[in-house]
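This is what each chain is made of:
2 protein chains.
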Amino acid sequence: MTLLEPQIVPSFVNGGWWSPAGETGAQAVMDASTGALVATVSSEGVDLAGAVEYARTVGQASLGQLTFHQRALLLKQLAQYLNGVKDELYALSAQTGATRFDSMIDIDGGIGVLFTFSSKGRREMPNSQVYVDGGVEALSKDGSFSGQHIYTRIPGVACQVNAFNFPVWGMLEKFAPAFIAGVPSIVKPATPTGYLTEAVVRHILDSGILPAGTLQLVSGSARDLLDHLDYRDLVAFTGSASTAMALKAHPNVVAGGVRFTSETDSLNAAILGPDAEPGTPEFDAYVASVVTEMTAKTGQKCTSIRRLIVPAGLTAAVADAVSDRIGRKVTVGDPRAEGVTMGPLASVDQRSEVLGSSRRLIDGGGRVLVGSLDAPEGMNPDGAFVSPLLLAFDDARSAAVHEIEAFGPVASIIEYDGLDDAIELAARGGGSLVATVATHDPEVARTLVLGIAAHHGRVLVLDRDDARSSTGHGSPVPHLVHGGPGRAGGSEELGGIRAVLHHMQRTAIQGSPAMLTAVTGDWRAGAPVRSDVHPFRKSLAELRIGDQVEAGPRVVTAEDIAAFAESTGDRFYAHTDQEAAEANPFFPGIVAHGYLLVSWAAGLFVDPAPGPVLANTGLENLRFVTPVSAGDGIRVTLTAKRITPRETEDYGEVRWDAVLHNQNDELVAAYDVLTLVAKRQPA
Amino acid sequence: MTLLEPQIVPSFVNGGWWSPAGETGAQAVMDASTGALVATVSSEGVDLAGAVEYARTVGQASLGQLTFHQRALLLKQLAQYLNGVKDELYALSAQTGATRFDSMIDIDGGIGVLFTFSSKGRREMPNSQVYVDGGVEALSKDGSFSGQHIYTRIPGVACQVNAFNFPVWGMLEKFAPAFIAGVPSIVKPATPTGYLTEAVVRHILDSGILPAGTLQLVSGSARDLLDHLDYRDLVAFTGSASTAMALKAHPNVVAGGVRFTSETDSLNAAILGPDAEPGTPEFDAYVASVVTEMTAKTGQKCTSIRRLIVPAGLTAAVADAVSDRIGRKVTVGDPRAEGVTMGPLASVDQRSEVLGSSRRLIDGGGRVLVGSLDAPEGMNPDGAFVSPLLLAFDDARSAAVHEIEAFGPVASIIEYDGLDDAIELAARGGGSLVATVATHDPEVARTLVLGIAAHHGRVLVLDRDDARSSTGHGSPVPHLVHGGPGRAGGSEELGGIRAVLHHMQRTAIQGSPAMLTAVTGDWRAGAPVRSDVHPFRKSLAELRIGDQVEAGPRVVTAEDIAAFAESTGDRFYAHTDQEAAEANPFFPGIVAHGYLLVSWAAGLFVDPAPGPVLANTGLENLRFVTPVSAGDGIRVTLTAKRITPRETEDYGEVRWDAVLHNQNDELVAAYDVLTLVAKRQPA
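Chains A and B, in that order, are what the protein sequence lines are.
Note that the working numbering has the first sequence beginning at 1, numbered continuously upward.
Note that the working numbering has the second sequence beginning at 1, numbered continuously upward.
You may find that some hints are simply not true.
[Unchecked claim] 25 Å max Cα-Cα, derived DSS-like pairs, lysine-lysine:
{"#": "1", "chain 1": "B", "residue 1": "76", "chain 2": "B", "residue 2": "86"}
{"#": "2", "chain 1": "A", "residue 1": "141", "chain 2": "B", "residue 2": "76"}
{"#": "3", "chain 1": "A", "residue 1": "76", "chain 2": "B", "residue 2": "141"}
{"#": "4", "chain 1": "A", "residue 1": "679", "chain 2": "A", "residue 2": "538"}
{"#": "5", "chain 1": "A", "residue 1": "76", "chain 2": "A", "residue 2": "538"}
{"#": "6", "chain 1": "B", "residue 1": "76", "chain 2": "B", "residue 2": "538"}
[Unchecked claim] Ranges between beta-carbon positions, derived for each pair:
{"#": "7", "chain 1": "B", "residue 1": "44", "chain 2": "A", "residue 2": "128", "range": "49 to 59 Å"}
{"#": "8", "chain 1": "A", "residue 1": "672", "chain 2": "B", "residue 2": "403", "range": "43 to 53 Å"}
{"#": "9", "chain 1": "B", "residue 1": "530", "chain 2": "A", "residue 2": "588", "range": "33 to 43 Å"}
{"#": "10", "chain 1": "B", "residue 1": "585", "chain 2": "A", "residue 2": "77", "range": "20 to 30 Å"}
Quick caveat, the hints were computed from the structure, so don't treat them as lab data.
Only a predicted model underlies this, so the values are computations on that prediction, with no experimental measurement involved.
C-beta atoms are modelled at their ideal positions from N, C-alpha and C, and glycine is treated no differently.
Please build the complete structure, drawing on both the sequences and the hints.
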């Protein structure tokens with residue numbers, strides 16, 4: 001599609017682009033500032049049953065050939081590719097009413113999600129198709145039967161129904177974790193801004209980076225999509241509460257077990273701490289955040305601050321500061337015009353919606369402190385322009401302020417009397433995506449945050465230390481969960497690998513060590529081992545889990561312990577003072593340093609000559625179990641436990657299971673040794 | 001209540017026992033074997049709005065005064081108390097049709113859940129009220145802004161609606177995790193066996209162990225309970241799919257955000273591997289498991305094996321072996337009679353249900369191989385007795401075998417042709433709680449388990465190694481999740497701490513290090529520190545997070561590295577061979593051992609004299625970042641990060657943040673040091 005010739009926005013299903021036969025029933029989409037026709041949209045006649053089947057077969061099959069790391073790497077390539085076509089996306093984005101800053105949040109923010117998930121997928125997941133969750137649970141005394149949780153991808157399709165306010169970010173933040181999990185996506189953007197999503201999808205497909213069947217697009221209504229889904233599939237919805245409820249009540253969700261998540265708009269609060277008085281850095285940061293949240297994306301963010309909860313008596317001071325800042329910082333207009341910092345709403349329908357909700361807020365007790373319901377002066381009457389509007393409610397418990405959301409540059413102030421009151425007022429939102437707590441007092445922060453946390457998906461503590469570095473109240477970050485209970489939809493997105501796991505099924509596997517090893521790909525104690533050549537002599541290509549070396553025993557003497565204390569400087573009484581060591585409830589007398597034991601263990605298990613093992617990068621989960629005294633002999637068993645080749649390097653990580661025993665076969669210590677090993681033998 | 005005088009089963013709500021005014025509308029409950037009246041049940045007129053409010057106020061307040069560990073410890077006391085009153089519970093249980101073995105699963109199994117959760121709560125959770133999830137996410141380059149996920153308890157009530165088949169275990173497995181989370185429970189047992197639940201609740205309350213408002217009981221219908229719930233609350237349901245759907249479609253679930261989980265019965269499969277031919281230990285273990293699952297609890301388990309998926313041609317061999325084993329092992333009768341191994345169903349209504357479903361299976365293509373629909377001979381006609389019934393379907397894709405569940409001692413055999421076929425047949429169950437895969441071939445296990453995992457909550461791999469030690473196909477264990485997708489309800493219970501977290505809200509907290517420290521109770525790098533007396537001189541009562549010692553630098557020499565290699569025996573080339581070390585891509589030449597660095601760090605940070613620090617129990621998350629060469633000087637910073645007093649000991653665990661830097665302030669290594677520290681200074 002181009003900027004100049006409005007045409008019907010196509011869908012991409014079943015491996016090809018698709019447009020309806022005629023324009024009957026097509027919906028017209030207008031430029032938010034000028035009212036000019038941008039495109040028409042219709043999905044009438046699209047084969048959604050076919051799209052679901054195509055995803056479940058072709059999409060699942062092509063993703064099934066890739067590991068988590070391989071998929072993650074494709075996301076990085078995709079992000080780099082999209083970085084090269086941003087100019088076109090920015091031009092389309094301006095038509096939706098977005099300023100350059102707004103577009104950055106949507107477009108660069110969306111690309112940033114791909115980079116973050118690519119990085120986390122490779123750093124925090126194994127390079128395989130099974131994600132192991134938690135430790136082994138022993139279920140028998142003799143070790144022959146135990147349990148292990150794993151995640152495997154759901155065997156269906158992720159249908160992603162997005163809101164109009166973030167046509168790029170909204171798509172990519174849902175697509176990225178599904179893709180890493182190995183689950184194909186069907187994207188259904190909101191009609192008013194779906195032409196921008198279509199442009200992104202077109203570029204993604206043109207890039208040739210994605211395997212077949214992994215991304216489909218439905219432009220227009222979702223129609224009968226849910227009728228074709230079952231428990232193998234997932235619907236991830238962002239949008240209004242009323243649409244969320246209609247979807248959630250669908251028989252295939254209630255009885256058919258379709259996995260359903262929703263993010264709905266919420267009445268997010270910002271609490272001004274009692275210490276954050278006018279003149280403090282926290283007060284200024286609070287006011288700046290409020291103005292940003294009111295005006296960025298013209299207030300059309302599900303995370304925008306709607307309720308300012310301030311100490312009793314501070315309404316006027318806050319309103320004055322907000323008014324002053326709006327006057328200095330906010331210029332309303334066509335975002336393509338010089339100097340404009342706040343564009344129109346996305347459509348004239350949205351303008352009607354926002355003005356209507358604002359009137360209901362006023363009818364419910366809101367007094368206008370800043371702005372008005374009148375259209376801003378000098379604007380194109382066909383554009384969806386509104387002014388920032390700040391209200392105050394004298395009764396902090398007015399139902400309207402806690403229940404009515406005007407999805408635009410509209411916020412309301414209420415006052416609290418004591419921290420418990422502030423907590424209760426915040427909770428009256430009935431569950432929100434995010435709240436800000438502005439305070440520099442750790443006790444206030446602890447009380448407020450723990451008081452409201454269970455009602456929120458995210459809480460930002462704003463103070464002088466993070467005011468400049470903060471990513472902001474309104475910005476979900478891919479590292480942290482986005483979502484919230486109750487009115488916010490009762491679900492989670494993002495949160496790093498957590499979002500990938502939402503696209504997978506957790507299953508408890510029970511069995512013998514050999515079988516748990518076979519299923520997880522991680523070696524488990526008791527599973528078969530191989531002790532041929534020393535495993536340090538094997539490249540990543542030759543090494544297998546279960547490859548093992550046993551070494552020792554080496555007997556510890558009193559002189560060894562004394563010498564170790566001397567050379568390291570660790571003269572802790574348990575290693576140097578027989579009387580004090582005997583008085584210790586855990587030791588029989590002087591014992592060897594734990595550090596001596598692991599150092600000696602390395603001395604026993606390493607094969608020192610140059611070879612494929614490159615470095616010891618760390619240890620994990622080290623536990624000292626049985627103390628070692630002079631005269632005890634320790635032996636070590638080292639077994640390759642997990643092998644993680646890196647996709648972009650000529651080496652990978654090998655995690656080794658290390659256990660130390662004494663001469664009585666008692667467990668002395670257990671830990672994981674982390675190493676880097678070359679993929680091939682050195683030349 | 002007593003065994004001799006049938007009376008109305010009371011409820012316990014709003015802090016007191018309650019019975020309906022009259023017996024109008026009360027439901028009669030009969031002894032499953034004799035048909036004699038045991039009790040009547042009615043909740044007509046009970047104040048459920050009051051019960052919900054009582055839990056949210058009194059229950060939340062009393063649990064809010066306790067930490068995770070304190071709550072966990074109360075569960076252990078409760079388990080010990082219940083162990084002392086088992087005789088009465090066993091007598092009541094026999095009236096429900098349960099054999100002594102069945103009662104053990106229910107009663108001892110339930111008490112076992114309390115012990116396991118008590119232990120896990122104290123070992124795997126902090127001794128506080130905030131559970132930290134995952135690591136710190138850096139969100140700014142300068143470290144002034146980062147994120148951290150926490151869990152805090154939901155601010156409402158957990159309503160637990162249970163099935164008739166496990167009146168004790170069903171209650172306790174839901175109650176235990178809610179209690180540790182700090183969420184009060186309202187228990188609603190199924191009417192036919194609720195008198196046994198009532199007896200357990202009465203004993204629990206009599207024990208005086210539980211704080212006020214933490215456990216309420218509704219005997220009889222749940223009535224308008226859901227009308228009083230919102231997003232702060234949780235409903236955990238176990239029972240029929242139809243009831244689950246009715247609850248899930250309730251407006252307060254769909255629109256009100258009530259957290260809803262369900263476990264429903266499912267058509268669990270047991271796949272006999274191609275290697276598990278007659279005569280192998282796996283074949284025998286498979287047959288034994290099938291007979292156990294058909295007859296334990298008279299087949300009234302949501303986890304029972306309903307579908308035997310066996311290699312083509314093996315139906316007769318499996319049926320013969322099952323028939324033979326039933327003949328040798330199963331004696332149907334009143335469980336109070338000598339030698340009886342399978343009691344009646346729980347009620348004559350259930351008998352009608354099972355016989356009806358069995359007929360529908362036969363009408364759908366099932367051939368009777370073992371047993372019949374006739375009542376077993378010589379039984380009391382007023383009892384709910386049935387015979388074990390094994391069917392075969394010649395068409396493995398018959399709808400009936402994958403959709404109709406006879407909730408009694410009934411199972412069906414179908415045949416598969418190749419592993420892919422077996423996987424597809426298992427998946428036709430539409431989502432199940434558990435499947436067994438009987439095989440001794442690791443490749444078969446891997447293919448089958450990964451092929452069916454996403455359709456299951458649990459998969460048991462049965463072979464000669466675990467046949468004797470296995471906890472069994474049908475037994476959920478508290479360590480592992482219980483639940484499954486699709487027909488199984490789409491939810492999770494148990495799974496250790498996972499179940500506790502299902503009663504808590506995950507929230508992303510963003511802020512400066514000082515604020516994250518204040519909220520989580522864990523010290524974060526960059527938060528305030530205190531460096532007065534050496535922290536090793538402080539008892540647990542004196543130590544605070546942020547207490548810190550800095551030490552060093554100590555310069556590393558070539559001789560130190562050589563001596564360490566010599567004394568430990570760790571002569572890895574990177575520490576001994578300049579040329580080979582230079583050729584390594586990560587090292588500038590010979591570098592110090594990582595073990596030398598952490599040993600020296602201890603030498604720098606310990607305060608050696610006897611004092612409150614008792615032992616170093618381990619290290620976690622050790623990463624070596626910058627290599628150290630001869631001439632470099634290292635310094636260490638050790639800071640108290642988390643303090644976990646033990647409830648039942650005079651010491652606790654202190655986790656220290658340890659970081660090593662070199663003379664250029666580059667990070668050399670980072671890790672957590674785990675220690676035990678006495679609560680008071682030694683005498």
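Okay, the hints, checked on the actual structure:
no.	hint	verdict
1	B:76 with B:86	16 Å, holds
2	A:141 with B:76	21 Å, holds
3	A:76 with B:141	21 Å, holds
4	A:679 with A:538	9 Å, holds
5	A:76 with A:538	31 Å, violated
6	B:76 with B:538	31 Å, violated
7	B:44 with A:128: 49 to 59 Å	57 Å, holds
8	A:672 with B:403: 43 to 53 Å	46 Å, holds
9	B:530 with A:588: 33 to 43 Å	35 Å, holds
10	B:585 with A:77: 20 to 30 Å	25 Å, holds
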